[in-house]
Amino acid sequence: MTTTTAPAPAASGNTPKARRTGGGLGRYLLIRALLIIPTVFILVSLVFFLMRLTGDPITAALGGRLSADQLAERIHEAGYDRPLLIQYLEYLGNVFTGNFGTTISDRKPVTEILVTYGAATLELAFYALLVAFVVGIPLGMLAAYVRDRWGDAALRVFAILCYATPVFFAGLLTKLVFSVWLGWLPISGRASTRAQLQMQRLDDPTGIYTIDAIRTGNPDVLADVLLHAVMPALVLGLLTAGVFLRLVRTNVIGTLSTDYVESGRSRGVREYRLVTKHAYRPALIPIITVIGLQIALLLGGAVLTETTFEWRGLGFMLSQYLQARDFVAVQGIVALLAVIVALTNFLVDVIAAIIDPRVRY
Amino acid sequence: MTVATVPNRSRWARLPVVHQLRQSVGLQRGMLVAGLIITAIFLLTAAFAPWVAPYGFSQLRDADGLFGSAQPPSAQHLLGTTVGGFDVLSRTIWGAQTAFLVIVFALVFSMFIGILLGLVSGYFGGWLDRVLVVVCDAIYAFPSLLLAIVLSIAISGGQSGLWAGITAAAGSITVVFIPQYFRVIRAETVRIKSEAYVESAKVLGASTGRIMFRHIFRNATRTLPLILTLNASEAILTLAGLGFLGFGIEPTQAAEWGYDLNKSIADVSSGVWWTAVPPGIAIVFVVLGITLVGESLNDLADPRLRGRRRAAKGAGLVAETSVVPGGTLTAGPGGVDGLESGETFGDQGIEVKS
Numbered sequence: 234m235t236t237t238t239a240p241a242p243a244a245s246g247n248t249p250k251a252r253r254t255g256g257g258l259g260r261y262l263l264i265r266a267l268l269i270i271p272t273v274f275i276l277v278s279l280v281f282f283l284m285r286l287t288g289d290p291i292t293a294a295l296g297g298r299l300s301a302d303q304l305a306e307r308i309h310e311a312g313y314d315r316p317l318l319i320q321y322l323e324y325l326g327n328v329f330t331g332n333f334g335t336t337i338s339d340r341k342p343v344t345e346i347l348v349t350y351g352a353a354t355l356e357l358a359f360y361a362l363l364v365a366f367v368v369g370i371p372l373g374m375l376a377a378y379v380r381d382r383w384g385d386a387a388l389r390v391f392a393i394l395c396y397a398t399p400v401f402f403a404g405l406l407t408k409l410v411f412s413v414w415l416g417w418l419p420i421s422g423r424a425s426t427r428a429q430l431q432m433q434r435l436d437d438p439t440g441i442y443t444i445d446a447i448r449t450g451n452p453d454v455l456a457d458v459l460l461h462a463v464m465p466a467l468v469l470g471l472l473t474a475g476v477f478l479r480l481v482r483t484n485v486i487g488t489l490s491t492d493y494v495e496s497g498r499s500r501g502v503r504e505y506r507l508v509t510k511h512a513y514r515p516a517l518i519p520i521i522t523v524i525g526l527q528i529a530l531l532l533g534g535a536v537l538t539e540t541t542f543e544w545r546g547l548g549f550m551l552s553q554y555l556q557a558r559d560f561v562a563v564q565g566i567v568a569l570l571a572v573i574v575a576l577t578n579f580l581v582d583v584i585a586a587i588i589d590p591r592v593r594y
Numbered sequence: 003m004t005v006a007t008v009p010n011r012s013r014w015a016r017l018p019v020v021h022q023l024r025q026s027v028g029l030q031r032g033m034l035v036a037g038l039i040i041t042a043i044f045l046l047t048a049a050f051a052p053w054v055a056p057y058g059f060s061q062l063r064d065a066d067g068l069f070g071s072a073q074p075p076s077a078q079h080l081l082g083t084t085v086g087g088f089d090v091l092s093r094t095i096w097g098a099q100t101a102f103l104v105i106v107f108a109l110v111f112s113m114f115i116g117i118l119l120g121l122v123s124g125y126f127g128g129w130l131d132r133v134l135v136v137v138c139d140a141i142y143a144f145p146s147l148l149l150a151i152v153l154s155i156a157i158s159g160g161q162s163g164l165w166a167g168i169t170a171a172a173g174s175i176t177v178v179f180i181p182q183y184f185r186v187i188r189a190e191t192v193r194i195k196s197e198a199y200v201e202s203a204k205v206l207g208a209s210t211g212r213i214m215f216r217h218i219f220r221n222a223t224r225t226l227p228l229i230l231t232l233n234a235s236e237a238i239l240t241l242a243g244l245g246f247l248g249f250g251i252e253p254t255q256a257a258e259w260g261y262d263l264n265k266s267i268a269d270v271s272s273g274v275w276w277t278a279v280p281p282g283i284a285i286v287f288v289v290l291g292i293t294l295v296g297e298s299l300n301d302l303a304d305p306r307l308r309g310r311r312r313a314a315k316g317a318g319l320v321a322e323t324s325v326v327p328g329g330t331l332t333a334g335p336g337g338v339d340g341l342e343s344g345e346t347f348g349d350q351g352i353e354v355k356s
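Sequence order for the protein chains is A and B.
When we follow my numbering, the leftmost residue of the first sequence carries the number 234, and every step to the right adds one.
When we follow my numbering, the leftmost residue of the second sequence carries the number 3, and every step to the right adds one.
Hints should not be assumed to be uniformly reliable.
Stated by the list, open to error - Which bits of chain B does chain A cover? Going by a derived footprint, with three or more residues having C-beta under 8 angstroms, they are:
(1) 27-40
(2) 150-156
(3) 202-214
(4) 284-297
Unchecked claim - DEER-style ranges, computed between Cβ atoms:
(5) Ala557/A / Val85/B: 21 to 31 angstroms
(6) Asp492/A / Val110/B: 38 to 48 angstroms
(7) Glu197/B / Thr491/A: 28 to 38 angstroms
(8) Leu226/B / Gly416/A: 48 to 58 angstroms
(9) Pro342/A / Val110/B: 36 to 46 angstroms
(10) Ile518/A / Gln78/B: 53 to 63 angstroms
(11) Val133/B / Arg503/A: 47 to 57 angstroms
(12) Ala208/B / Ser499/A: 51 to 61 angstroms
These aren't lab readings, by the way, just hints derived from the structure by calculation.
Glycine included, every Cβ here is placed at the ideal spot set by N, Cα and C.
Excised from the complex, chain A in its bound form (with noise of 0.2 angstroms):
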């Protein structure tokens, strides 16, 4: 349809249907990336809206530790007294320019505290994510090779486990066991202050304490760091494994049973190759499509991961400013959050429409 579409569905290989369907990658890129526009539209004004609900976010913060004339100065000092949509939209403006406000009980910029423990949500994120796929990918496939046994049962109990175990329970438990009765892994934290001083030495340190640990050069500051990120990536991980799992098992039960892999069988391909060989790829296209809700587990699981383990990163400081009431850091998180979701699925989606051309329709 678009001339200026043309690079893109050479690249990704499946130029004659694109075409017929008339736009093709590009096309499909553009509309997804207008897409973000209302969907962070729409979850920044629901959480403003929300949040004001309750009244202005300096009496939730200090009402009772203040008096009342300097509660109302603290207040109109802010703003806080306007009409709401005018509030609101100022609110609007200062997102779409990258400020989402300052908080009340320290006053930080919140974008601040992104720069400070985006760092170690990522880290921890990242590592959850490895232990997922290393799970839950093969072992949904074993799921799928010894389907309707027993070996089949015990995986899916196993699946259904992680995720019916909370994962601040699931990270109680590892530290009772790990850390308290057997003394293998520290109880909490990201590393330990040796090692934090060790990195903070380093110029410009990059907040992903596993790369500033490598920087140091000293094998033990990576292996205090490492062993601090076990039990909460452990934690974290499983329960998105379990999701794999599961998926990964429907995925390959069902293109086992495709024209294709009949015909595999019927030309006497073991079971085992035709589960590695032939029904494994095309069922890895969903996961794709599926790790983007995932972010969304992933980061509310990360919130409660990091409150469990103390490890300084974005949920902790998300549930510490909720005991503090301080709601405009709340609600700064959680818009910055918003945003960071919709990117990702974005991301997501454009890989998976690479990989798979179907999803482009």
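Here the structure of chain A is known, so what remains is to put chain B in place on it, guided by the hints.
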């Protein structure tokens, strides 16, 4: 195996869960039955909590005096006491009641609103449909726990008595779940409204309301039991998550598992296990039970995943009578390579499409 043919299936046999129970075989039936039993235990505990629990959920003393703080399990307190001096076993049992109330409220509200919106949106279409779809997609993609936190701040300001706490939790879970019902019912409505019987109802002059609720809704409820069970388990997890983050219900108002777990973080570091384990196990147990039911319903609804009793029998027959068990085909016209590249067998009249 038990029910080979049922000529006149009674109303009872067509009820959602009963029907699937009859349909299931082998392991699948085992998982479904296990899930149903666990769910039944949960429901009974919730209903009879006042009689089952040895003490009240906010009871600090009995005739012998105060319970004492963080007492290890003993004959008097089978699972010990919390730091606050409550009996752990009693609070765990009472917690079932709170969880049940929240699930019921959340599911009733989200189902009602979600189904209504889905029907209206799918039936009328237009700009309302488009707006609702975008809004629901936005909410659906967002971490439900974060949304629940914001909503619970909005509903109760974060401070909760029993009913305020239950409405806050149920209300926040409701909003999170509405999109799920909305999506399913809307998709079904769009599909069904072009069916011939809807057309003929229109021609006969049936009112819009009648068409929507009688003709479309009655036929769009296929997947509801499944979403219902999955949402029930998610509701428990969200409630526990809220409680864990400090949006729980005050311990003097009701027992709530997430709140108790939050209070036990500090205990775990000092090796006190009995305050953390019972409420956690309770959550896992209930969610496991409900999810088992939901998963089984899901599998039974999907022909690819349904237990393969008949298929297995048939496969056995085929294997016995088949002339080509395994390897023989390799010596076929094109050999294995011929099959793999998807060549056509023109001379035999069999066309193999790639």
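Hints, one by one, checked against the model:
| no. | hint | result |
| --- | --- | --- |
| 1 | 27-40 | holds (count 5) |
| 2 | 150-156 | holds (count 5) |
| 3 | 202-214 | violated (count 0) |
| 4 | 284-297 | holds (count 7) |
| 5 | Ala557/A / Val85/B: 21 to 31 angstroms | 23 angstroms, holds |
| 6 | Asp492/A / Val110/B: 38 to 48 angstroms | 45 angstroms, holds |
| 7 | Glu197/B / Thr491/A: 28 to 38 angstroms | 30 angstroms, holds |
| 8 | Leu226/B / Gly416/A: 48 to 58 angstroms | 50 angstroms, holds |
| 9 | Pro342/A / Val110/B: 36 to 46 angstroms | 42 angstroms, holds |
| 10 | Ile518/A / Gln78/B: 53 to 63 angstroms | 58 angstroms, holds |
| 11 | Val133/B / Arg503/A: 47 to 57 angstroms | 53 angstroms, holds |
| 12 | Ala208/B / Ser499/A: 51 to 61 angstroms | 52 angstroms, holds |
In this structure, only the earlier hint numbered 3 is contradicted, and the remaining ones agree with it.
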